[in-house]
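Q: For the sequence shown, numbering that gives the first Met the number 0 assigns the number 0 to the initial residue and increments by one for each residue that follows.
Bear in mind the hints are in silico, worked out from the structure with no lab data behind them. Quick caveat: nothing in here was measured; it's all calculated off a predicted structure. Each hint should be verified, as a subset may be incorrect.
[What the hints assert, rightly or not] Pair by pair, the computed Cβ-Cβ distance ranges are:
| id | residue 1 | residue 2 | range |
| --- | --- | --- | --- |
| 1 | Ser29 | Val77 | 11 to 21 Å |
| 2 | Gly67 | Pro33 | 19 to 29 Å |
| 3 | Arg10 | Pro71 | 14 to 24 Å |
| 4 | Pro12 | Trp72 | 15 to 25 Å |
| 5 | Pro12 | Pro74 | 12 to 22 Å |
| 6 | Asp78 | Pro33 | 28 to 38 Å |
| 7 | Lys83 | Pro33 | 20 to 30 Å |
| 8 | Arg10 | Trp72 | 34 to 44 Å |
| 9 | Thr32 | Asp78 | 19 to 29 Å |
Every residue gets a Cβ at the ideal spot worked out from N, C-alpha and C, and that includes glycine.
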Amino acid sequence: MTAAWHAGWRRRPLRAAALGLIRFYQLWISPLTPPSCRFYPSCSAYAMTAIQRFGPIKGGWLAARRLGRCHPWNPGGVDHVPDKEPPPATR
């Protein structure tokens, strides 16, 4: 592991823990299940990007909202993490 990774873990332990859990899921759990994500990027990749961009609280909220949209009645499609947080009226 690099020195930058260790420094990031010490400065932002909650963010690092959340990203570590998602990475664990991607490496060990996701390969055991059939591909079923209706969106691009996948929900776990979306969560990683959201947490890296907005932190564990706002990024986690965006990821939870994305998971809530993942159901049989949603057609899915391309759904990238926003570049900045949307204004309150559009949430």
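Q: If a hint holds in the structure, say so; if it does not, say that too.
A: Evaluated hints:
| no. | hint | in the structure |
| --- | --- | --- |
| 1 | Ser29 / Val77: 11 to 21 Å | 20 Å, holds |
| 2 | Gly67 / Pro33: 19 to 29 Å | 21 Å, holds |
| 3 | Arg10 / Pro71: 14 to 24 Å | 41 Å, violated |
| 4 | Pro12 / Trp72: 15 to 25 Å | 38 Å, violated |
| 5 | Pro12 / Pro74: 12 to 22 Å | 38 Å, violated |
| 6 | Asp78 / Pro33: 28 to 38 Å | 21 Å, violated |
| 7 | Lys83 / Pro33: 20 to 30 Å | 35 Å, violated |
| 8 | Arg10 / Trp72: 34 to 44 Å | 41 Å, holds |
| 9 | Thr32 / Asp78: 19 to 29 Å | 20 Å, holds |
The structure does not agree with the numbered hints 3, 4, 5, 6 and 7 stated previously, though it agrees with the rest.
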